[in-house]
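Mind docking chain B on chain A? Use the hints.
There are 2 protein chains.
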Amino acid sequence: MRATTIHGPGDIRVEQVPDAALQEPTDAVVRVELACVCGSDLWAYRGVSKRRPGQRIGHEFVGEVVDVGSEVTSVRVGDRVIAPFMWSDGTCAYCVAGVHTSCPQGGMWGKRGYDGGQGEAVRVPQADGTLVSVPRGADAKLLPAFLSLSDVMGTGHHAALAAGVVPGSVVAVVGDGAVGLCGVLAAKRLGAERVIALGRHEDRAAVARLFGATDQVAERGEAAIERVKELTGGLGASAVLECVGTGPSWETALGIVRDGGRIGYVGVPHGMPGLPMNDLFDRNVGVGGGVAPTRRYLPELLADVLAGRLDPSPVFDRTVPLDEVADAYRAMEDRTALKVVVKP
Amino acid sequence: MRATTIHGPGDIRVEQVPDAALQEPTDAVVRVELACVCGSDLWAYRGVSKRRPGQRIGHEFVGEVVDVGSEVTSVRVGDRVIAPFMWSDGTCAYCVAGVHTSCPQGGMWGKRGYDGGQGEAVRVPQADGTLVSVPRGADAKLLPAFLSLSDVMGTGHHAALAAGVVPGSVVAVVGDGAVGLCGVLAAKRLGAERVIALGRHEDRAAVARLFGATDQVAERGEAAIERVKELTGGLGASAVLECVGTGPSWETALGIVRDGGRIGYVGVPHGMPGLPMNDLFDRNVGVGGGVAPTRRYLPELLADVLAGRLDPSPVFDRTVPLDEVADAYRAMEDRTALKVVVKP
Chain A
1 MRATTIHGPG
11 DIRVEQVPDA
21 ALQEPTDAVV
31 RVELACVCGS
41 DLWAYRGVSK
51 RRPGQRIGHE
61 FVGEVVDVGS
71 EVTSVRVGDR
81 VIAPFMWSDG
91 TCAYCVAGVH
101 TSCPQGGMWG
111 KRGYDGGQGE
121 AVRVPQADGT
131 LVSVPRGADA
141 KLLPAFLSLS
151 DVMGTGHHAA
161 LAAGVVPGSV
171 VAVVGDGAVG
181 LCGVLAAKRL
191 GAERVIALGR
201 HEDRAAVARL
211 FGATDQVAER
221 GEAAIERVKE
231 LTGGLGASAV
241 LECVGTGPSW
251 ETALGIVRDG
261 GRIGYVGVPH
271 GMPGLPMNDL
281 FDRNVGVGGG
291 VAPTRRYLPE
301 LLADVLAGRL
311 DPSPVFDRTV
321 PLDEVADAYR
331 AMEDRTALKV
341 VVKP
Chain B
345 MRATTIHGPG
355 DIRVEQVPDA
365 ALQEPTDAVV
375 RVELACVCGS
385 DLWAYRGVSK
395 RRPGQRIGHE
405 FVGEVVDVGS
415 EVTSVRVGDR
425 VIAPFMWSDG
435 TCAYCVAGVH
445 TSCPQGGMWG
455 KRGYDGGQGE
465 AVRVPQADGT
475 LVSVPRGADA
485 KLLPAFLSLS
495 DVMGTGHHAA
505 LAAGVVPGSV
515 VAVVGDGAVG
525 LCGVLAAKRL
535 GAERVIALGR
545 HEDRAAVARL
555 FGATDQVAER
565 GEAAIERVKE
575 LTGGLGASAV
585 LECVGTGPSW
595 ETALGIVRDG
605 GRIGYVGVPH
615 GMPGLPMNDL
625 FDRNVGVGGG
635 VAPTRRYLPE
645 LLADVLAGRL
655 DPSPVFDRTV
665 PLDEVADAYR
675 AMEDRTALKV
685 VVKP
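These protein sequences, in sequence, are chains A and B.
Just so we're aligned, residue 1 is where the first sequence starts under the numbering used here, counting upward by one.
Just so we're aligned, residue 345 is where the second sequence starts under the numbering used here, counting upward by one.
If we strip away everything but chain A, and leave its shape as in the complex, we get (with noise of 0.2 Å):
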């Protein structure tokens, strides 16, 4: 079968490589319908997070199951399933708690001796616990929100959740790549009030309108926290989602806070300082989040797809076959395409 692998900085090829198999019983073998590039890759893309020569890449796919292993019970052939962008057994302490990123029989997409996501199939350990089927007769048309949940959506309802978002908050979103503008979609879906989209790139600040945003602030730096203050009253938000992980959106986050107010951070951490705990301290400042747990978010963001009262799937503005995945990589670099679907 054909997958994408990563070479080095910049060198996403696609590859001849070798079927995806069972090799537990309790794996599955899903048919990629449709894969796509995250924020996060590009870290690899960059050669910022190192890669092996040739590894695989590719976290987030939904497709159609084409073999089960003997143990496994809750995906029959046939089914249309969503992999979260880290597989887990569904059972342990920390899947049982809704950390199913700690799960220690998980692991993610693309990992040495494991399938990525930007490929023709997937072989998936841990079935049982991973895949969630989607109804028999779903429309088709909504695969693309389905991609979603993998990880964007599921990621910017974790830094919500994170954040604190209630009925009634003020929330600032900083970040407007697709994980940020999910978070604004998921702010809005919690009941917040306001919910304050920060980023300079108009195309993606019509999405963030589209998804509920009621402030928007193109500013960056001091101008940007000072904006924030005067839209909330001199106090600044009392929920703030961190999308992105650097040292000048965290200075960001801390900047438009309110006191006794949380932030949820969801951006891979790169080269970011550290806090400076005692302004957190007297500010009573809380930080939550991390690396988000979309398999325990997927049944109840899915049944809302469904329903048609959750549509994250303006996040894809692209769309290209395996072949010209590269593309689609350079494009996101270049933020000429805000997140590109892949289609094996």
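Careful: at least some of the hints might be erroneous.
Listed next, the stretches of chain A that the computed footprint assigns to chain B, with coverage defined by at least 3 CB atoms under 8 Å from CB atoms of chain B [stated by the list, open to error]:
| # | region |
| --- | --- |
| 1 | 69–79 |
| 2 | 210–224 |
| 3 | 278–291 |
Quick list of in silico lysine to any residue cross-link-like pairs, SDA-like style, CA-CA up to 20 Å [stated by the list, open to error]:
| # | chain 1 | residue 1 | chain 2 | residue 2 |
| --- | --- | --- | --- | --- |
| 4 | A | Lys111 | B | Asn622 |
| 5 | B | Lys394 | A | Met277 |
| 6 | A | Lys111 | B | Asp626 |
| 7 | B | Lys455 | B | Glu359 |
| 8 | B | Lys573 | A | Cys92 |
| 9 | A | Lys50 | A | Glu333 |
| 10 | B | Lys687 | B | Asp483 |
| 11 | B | Lys573 | A | Val96 |
| 12 | B | Lys455 | A | Phe281 |
| 13 | A | Lys50 | B | Asp623 |
| 14 | A | Lys50 | B | Asn622 |
| 15 | B | Lys394 | A | Pro104 |
| 16 | A | Lys111 | A | Trp43 |
| 17 | B | Lys455 | B | Leu554 |
| 18 | A | Lys229 | B | Phe625 |
| 19 | A | Lys229 | B | Pro448 |
| 20 | A | Lys343 | A | Glu120 |
| 21 | B | Lys394 | A | Asp282 |
| 22 | A | Lys50 | B | Phe625 |
| 23 | A | Lys50 | B | Asp626 |
| 24 | A | Lys111 | B | Lys687 |
| 25 | B | Lys573 | A | Ala93 |
| 26 | B | Lys573 | A | Pro104 |
| 27 | B | Lys394 | A | Asn278 |
| 28 | A | Lys188 | A | Arg309 |
| 29 | A | Lys111 | A | Lys229 |
| 30 | A | Lys343 | A | Arg309 |
| 31 | A | Lys111 | B | Phe625 |
| 32 | B | Lys532 | B | Arg564 |
| 33 | A | Lys229 | B | Ala437 |
| 34 | B | Lys485 | B | Pro643 |
Read the hints as simulated data drawn from the structure, not as lab findings.
Positions of the beta carbon are idealized from the N, C-alpha and C atoms, including for glycine.
Then chain B, alone, in the frame of chain A:
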């Protein structure tokens, strides 16, 4: 009147100072019945937190209102009142949101130009927002329990809330000072199933047991982390109360918190290292807390004290007259006393 002053590291005196008197129509004057020495006063005593020579000190007291300004409506002369460790106006957006410690009109007893708690009387700014009256006729034997609500009991409660303690939680408390012990009591009161108290002083461990600790860990450092892991099936505690504020205490807290759990911290940060953000991210560990808005919790905790459901007074293990306040500091610094009541 006489009041405690600090002149340098280890130099605590009782001196004649101007009588506490009304300055603003929103002031009250309180004759102090009981005050006490706080673990955080010891940072000044050690010279770590700088003080101007002769500065007042002490921020916990209960007493009788002896004068009120013309605009004060919520307390009357003759009322017995509890003062939280900071004053606040009770009406600003922060106070209304329960973050009284961020009140722009607020401040802490003993700051320049203001009376400290360890003296014969205190001018109380923003009396209506600050003081909480005890019902007339309440048993005077409860005075030490009332005094604990100024700071340590409210602070322990704040740590427990910030750590997300709910019925059934598995809690660990780092620090066996008065705040840590109150954290044990607070966690138990909030319904924790297990409360693991860390500490190596047997007398304090006895108070922890009295307060509801189900397990005790006398080890320190790596050995303490191992022991807590053993006690929790390898998982660690879902809620950790960090009640010290130093590098070693934070290392312990980070080592014993379960993936997906939260650290509620109320130890004033002193020389702690930066948080390991990538580890917190991977493990979904949240961090919250800070300077406790004890004014917020006073009515709820006072009701429990009056009803006989809550008694934090065992944290006080000695009482000295005001003249001997220097001995109180020495005893607490030497760890020969846990927390000392000062009786003017």
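These are the hints, each one checked on the structure:
Counting residues of the region 69–79 of chain A whose beta carbon lies closer than 8 Å to any beta carbon of chain B gives 0, which falls short of the minimum of three for the stated coverage. Counting residues of the region 210–224 of chain A whose C-beta sits closer than 8 Å to any C-beta of chain B gives 0, which falls short of three, so the coverage hint is violated. Requiring three or more residues with a Cβ within less than 8 Å of a Cβ of chain B, the coverage given for the region 278–291 of chain A holds, as 13 such residues are present. The straight-line distance between the Cα atoms of Lys111/A and Asn622/B is roughly 18 Å, inside the 20 Å bound, and the hint therefore holds.
The straight-line distance between the Cα atoms of Lys394/B and Met277/A is roughly 19 Å, inside the 20 Å bound, and the hint therefore holds. Restraint check for Lys111/A and Asp626/B: satisfied, since their Cα atoms lie roughly 16 Å apart, inside the 20 Å limit. With a C-alpha separation of about 17 Å, the suggested pairing of Lys455/B with Glu359/B holds against the 20 Å cut-off. This hinted pair checks out: Lys573/B and Cys92/A have alpha carbons roughly 16 Å apart, not beyond 20 Å.
Restraint check for Lys50/A and Glu333/A: satisfied, since their Cα atoms lie roughly 17 Å apart, inside the 20 Å limit. As the CA atoms of Lys687/B and Asp483/B are separated by approximately 18 Å, the hinted pair is consistent with the 20 Å bound. In summary, the hint linking Lys573/B to Val96/A is supported, as the alpha carbons are separated by about 19 Å, within the 20 Å threshold. With a CA separation close to 18 Å, the supplied pair Lys455/B and Phe281/A stays within the 20 Å bound.
Annotation: proposed proximity of Lys50/A to Asp623/B holds, straight-line Cα distance about 18 Å (limit 20 Å). For the hint linking Lys50/A to Asn622/B, the alpha-carbon distance of about 16 Å falls within 20 Å, and the restraint holds. About 48 Å separates the Cα atoms of Lys394/B and Pro104/A, which puts this hinted pair outside 20 Å; it is violated. For the proposed pair Lys111/A and Trp43/A, the alpha carbon gap of about 15 Å is at most 20 Å, so the pair holds.
For the proposed pair Lys455/B and Leu554/B, the alpha carbon gap of about 35 Å is over 20 Å, so the pair is violated. A C-alpha spacing of about 28 Å is found between Lys229/A and Phe625/B, which places the hinted pair above 20 Å, so the restraint is violated. Between Lys229/A and Pro448/B, the direct Cα distance comes to roughly 16 Å. Compliance with the 20 Å bound is thereby established for this hinted pair. Distance hint between Lys343/A and Glu120/A is fulfilled; the C-alpha atoms sit about 9 Å from each other, no more than 20 Å.
Between Lys394/B and Asp282/A, the direct Cα distance comes to roughly 17 Å. Compliance with the 20 Å bound is thereby established for this hinted pair. Proximity of Lys50/A to Phe625/B is assessed by CA-CA distance (about 18 Å); at most 20 Å being required, the pair is judged to hold. For the suggested pair Lys50/A and Asp626/B, the alpha carbons sit about 17 Å apart, so the restraint of at most 20 Å is met. Pair hint Lys111/A plus Lys687/B does not hold up; C-alpha atoms about 66 Å apart against a cutoff of 20 Å.
Distance check on the hinted pair: Lys573/B and Ala93/A sit about 14 Å apart at the alpha-carbon level, within 20 Å; holds. Taken as a hint, the Lys573/B and Pro104/A pair is honoured in the structure, with Cα atoms around 16 Å apart against an allowance of 20 Å. At most 20 Å may separate the alpha-carbon atoms for a hinted pair to count; Lys394/B and Asn278/A meet this at roughly 16 Å. A hinted pair counts as satisfied when its Cα atoms are at most 20 Å apart, and Lys188/A with Arg309/A qualifies at roughly 12 Å.
Only pairs whose Cα atoms come within 20 Å are accepted, and Lys111/A paired with Lys229/A is rejected, the gap being roughly 43 Å. Restraint check: the Cα-Cα separation between Lys343/A and Arg309/A comes to about 26 Å, which exceeds 20 Å; the hinted pair is violated. Distance restraint check for Lys111/A and Phe625/B: the Cα-Cα separation of roughly 19 Å lies within the 20 Å cut-off, and the hinted pair is therefore satisfied. For the hint pairing Lys532/B with Arg564/B, the CA-to-CA distance comes to about 23 Å; that exceeds 20 Å, so the pair is violated.
Taken as a hint, the Lys229/A and Ala437/B pair is honoured in the structure, with Cα atoms around 14 Å apart against an allowance of 20 Å. For the suggested pair Lys485/B and Pro643/B, the alpha carbons sit about 19 Å apart, so the restraint of at most 20 Å is met.
The structure does not agree with the numbered hints 1, 2, 15, 17, 18, 24, 29, 30, 32 stated previously, though it agrees with the rest.
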